[in-house]
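Going down the list, the sequences are from chains U and W. First residue of the first sequence? That's 1 in the working numbering, and the numbers climb one at a time after it. First residue of the second sequence? That's 171 in the working numbering, and the numbers climb one at a time after it.
Just so you know, the hints here were simulated from the structure itself, not pulled from any lab data. A few of these clues could be false.
[Said to hold, decoys possible] 20 Å max Cα-Cα, derived SDA-like pairs, lysine to any residue: (1) U:142 / W:336; (2) U:62 / U:27; (3) U:62 / U:111; (4) U:62 / U:133; (5) U:142 / U:98; (6) U:142 / W:176; (7) U:142 / U:128; (8) U:142 / U:126; (9) U:62 / U:113; (10) U:62 / W:188; (11) U:142 / W:177; (12) U:62 / U:138.
[To be verified] Here are some chain W residues pointing at chain U (derived, C-beta under 7 Å): (13) 177; (14) 180; (15) 196; (16) 200; (17) 206; (18) 491; (19) 493.
Since the structure is predicted, the reported quantities are computational estimates derived from the model, not experimental observations. Backbone N, C-alpha and C fix where the C-beta goes; we use that ideal spot for every residue, glycine too.
The primary structure of each chain is shown beneath.
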Amino acid sequence: MATGEGFHDFYRDAYPRLVAQLYAVTTDLGLAEDVVQEAFVRAASRWSEVSTYQAPEAWVRKVALRLRLDAARRLRRQAAALTRLGTRPDPQPALDPEDRGLVEALGRLPRRYREVLVLHHCLDRSVQDVGAHLGIPTATVKTRLARGRAMLAGLLEEPTGQQQQGAPHA
Amino acid sequence: MPSADLDERLERLLRTVQDGVIAGDPAVVVRRGRRRRLARGTAGVGAVAALLAAVVVVAALLPDRLPRPAAVATGPAPGGVPDGAVPWFEAHLSGNPGELVVSVTAPVAARSRPSDPCWEGYQPQARAEADRMVVTVRRFRPRAPVPEGHLCTTVGLLRNVTVRLPEDLRGRPLVDGATGQRRPLVEGLLTPGWLPDNWMPLRMYRSGKGDVWRRQYHQVGGVRAGSGPWRIVELAPGPAERVTVVAIPPRLLGSWNRWPDTPVAGHTQVRGRRAEIDADPWRRIVSVRWREGEVAYVVTGRARQDATLRQVQELVVRIAQSLR
Numbered sequence: 001m002a003t004g005e006g007f008h009d010f011y012r013d014a015y016p017r018l019v020a021q022l023y024a025v026t027t028d029l030g031l032a033e034d035v036v037q038e039a040f041v042r043a044a045s046r047w048s049e050v051s052t053y054q055a056p057e058a059w060v061r062k063v064a065l066r067l068r069l070d071a072a073r074r075l076r077r078q079a080a081a082l083t084r085l086g087t088r089p090d091p092q093p094a095l096d097p098e099d100r101g102l103v104e105a106l107g108r109l110p111r112r113y114r115e116v117l118v119l120h121h122c123l124d125r126s127v128q129d130v131g132a133h134l135g136i137p138t139a140t141v142k143t144r145l146a147r148g149r150a151m152l153a154g155l156l157e158e159p160t161g162q163q164q165q166g167a168p169h170a
Numbered sequence: 171m172p173s174a175d176l177d178e179r180l181e182r183l184l185r186t187v188q189d190g191v192i193a194g195d196p197a198v199v200v201r202r203g204r205r206r207r208l209a210r211g212t213a214g215v216g217a218v219a220a221l222l223a224a225v226v227v228v229a230a231l232l233p234d235r236l237p238r239p240a241a242v243a244t245g246p247a248p249g250g251v252p253d254g255a256v257p258w259f260e261a262h263l264s265g266n267p268g269e270l271v272v273s274v275t276a277p278v279a280a281r282s283r284p285s286d287p288c289w290e291g292y293q294p295q296a297r298a299e300a301d302r303m304v305v306t307v308r309r310f311r312p313r314a315p316v317p318e319g320h321l322c323t324t325v326g327l328l329r330n331v332t333v334r335l336p337e338d339l340r341g342r343p344l345v346d347g348a349t350g351q352r353r354p355l356v357e358g359l360l361t362p363g364w365l366p367d368n369w370m371p372l373r374m375y376r377s378g379k380g381d382v383w384r385r386q387y388h389q390v391g392g393v394r395a396g397s398g399p400w401r402i403v404e405l406a407p408g409p410a411e412r413v414t415v416v417a418i419p420p421r422l423l424g425s426w427n428r429w430p431d432t433p434v435a436g437h438t439q440v441r442g443r444r445a446e447i448d449a450d451p452w453r454r455i456v457s458v459r460w461r462e463g464e465v466a467y468v469v470t471g472r473a474r475q476d477a478t479l480r481q482v483q484e485l486v487v488r489i490a491q492s493l494r
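Take these sequences, add in the hints, and give me the full structure.
Quick look at the structure:
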């Protein structure tokens with residue numbers, strides 16, 4: 001199968017969604033874009049195989065989540081270099097104060113809590129699915145969900161500078 | 171926090187971020203993927219093949235982002251010194267072919283001369299790409315820093331900046347070069363020429379069958395202090411929590427955000443038309459509504475607890491009368 005067949009539509013449809021999901025996990029839009037882009041390149045390089053999967057988007061998400069742990073640092077440095085060369089500005093999503101407060105709170109959560117919260121709450125994945133996705137036991141997912149929710153609730157109670165200031169261009 | 175609340179907030183966050191993300195050119199991704207596949211396939215087939223593979227791998231490592239065309243400054247530099255790019259809020263058709271008007275929030279003193287320490291000037295730039303049009307508004311500030319003890323209000327009015335596009339838009343999405351976010355091209359929604367000090371846009375969205383435009387404004391606190399970091403100053407609240415400007419089809423004019431028994435509080439002139447004012451004491455909202463040809467407008471303010479509806483009416487009417 002030629003890579004172009006179906007890939008273009010798949011990419012255009014899934015890219016914004018996956019970037020938003022990775023942004024919720026990383027709280028860094030530039031990093032989210034970079035790892036999702038790289039995951040799509042990998043999908044394109046083996047599209048004849050990936051396109052036969054039941055959920056190609058889940059495959060790309062899984063690759064992107066894995067990439068963010070190590071390769072993301074390298075990609076970030078490359079992106080920073082590109083930014084210094086003036087090829088693009090460092091992107092920041094335009095959020096209203098409430099959403100910005102949520103992102104700040106997510107950013108202050110330990111990564112292990114943040115990723116289970118996002119996978120479970122944003123993607124409607126069962127705890128079993130989240131466990132399989134992250135390679136951790138179901139009981140661990142439940143524990144992290146409970147602790148993550150409690151921590152997030154506490155963090156959202158705290159006023160932050162951003163929330164007081166408001167978003168200049170929400 | 172209840173799970174349902176968290177679900178809702180996370181979902182809204184994702185939707186907001188997703189709406190602002192634009193997928194690039196899939197052909198670039200496919201090309202990179204093809205190079206990867208080639209690099210994998212040619213590995214380990216002898217010295218010559220290895221050399222070829224090395225060439226392919228080197229090619230695969232080259233940046234895939236094609237050099238973008240240079241941004242075209244579409245207006246003269248306004249003086250002062252460049253101070254980075256400032257996000258813009260939305261774009262309107264100016265009425266002239268090949269021209270857009272984008273709105274930025276500006277301090278009240280932005281309209282003064284460059285000798286004013288709080289002056290700000292703007293220069294638009296536009297860059298046409300294959301699948302999008304990138305518009306950047308560069309800000310200029312006075313050469314001299316803000317004097318010690320001098321305060322500049324940071325918000326207060328919308329400033330329109332006219333952008334001459336290097337080529338026709340041809341349906342391409344507009345992207346703010348300052349943020350990388352896609353921004354809406356607003357058709358049929360008017361912009362206030364006046365907002366109270368420290369009011370600014372909150373959000374803008376399109377709904378219905380794509381024929382309803384809404385924009386909300388709210389009050390924020392903030393001043394720019396001379397020297398040192400930004401400082402937040404608590405300000406006295408205005409009479410309304412927020413004000414919404416809506417452009418709707420005329421058939422919705424009478425019922426938009428109005429209960430059937432809402433009393434008419436009076437009439438006023440807005441943009442040369444007779445506008446009706448209604449005040450809902452139960453929901454504590456005041457609306458001004460009128461029709462202009464095939465579009466109708468409603469400007470609504472929701473009162474703060476300690477404000478009177480009369481105060482809200484004055485605010486809403488003044489904003490409506492400033493629309494242009």
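20 Å Cα cutoff - pair residue 62 (chain U), residue 113 (chain U): Between residue 62 (chain U) and residue 113 (chain U) the Cα gap is close to 17 Å, so the pair holds against 20 Å.
Interface restraint verdict for residue 180 (chain W) against chain U (beta-carbon cut-off 7 Å): OK, holds: residue 180 (chain W) within 7 Å of chain U, min 5 Å.
20 Å Cα cutoff - pair residue 142 (chain U), residue 336 (chain W): Since the Cα atoms of residue 142 (chain U) and residue 336 (chain W) sit roughly 55 Å apart, the hinted pair is violated (cutoff 20 Å).
Residue 196 (chain W) as chain U interface residue, shortest Cβ-Cβ below 7 Å: 4 Å, holds
Straight-line alpha-carbon gap residue 62 (chain U) to residue 111 (chain U), limit 20 Å: At roughly 16 Å apart (the allowed maximum being 20 Å), residue 111 (chain U) and residue 62 (chain U) satisfy the hint.
Status of the residue 200 (chain W) interface restraint (C-beta, 7 Å, chain U): Residue 200 (chain W) check passes; min Cβ-Cβ to chain U is 5 Å, inside 7 Å.
20 Å limit on alpha-carbon distance, applied to hinted pair residue 62 (chain U) and residue 27 (chain U): Status holds; Cα separation ~17 Å.
Hint consistency between residue 142 (chain U) and residue 177 (chain W) [alpha-carbon to alpha-carbon, up to 20 Å]: At roughly 16 Å apart (the allowed maximum being 20 Å), residue 177 (chain W) and residue 142 (chain U) satisfy the hint.
Holds or violated: residue 142 (chain U) to residue 98 (chain U), with C-alpha atoms at most 20 Å apart: Measuring from Cα to Cα gives roughly 27 Å; hence the hint is violated.
Distance restraint between residue 142 (chain U) and residue 128 (chain U), which requires alpha-carbon spacing of 20 Å or less: 9 Å, holds
Hinted contact residue 491 (chain W) with chain U - closest CB pair below 7 Å: At about 25 Å, which exceeds the 7 Å cut-off, the nearest Cβ of chain U leaves the hint on residue 491 (chain W) violated.
Given hint residue 126 (chain U) paired with residue 142 (chain U) - CA-CA distance at most 20 Å: 10 Å, holds
Comparing the model with each earlier hint shows violations of hints 1, 5, 18 and 19; every other hint is respected.
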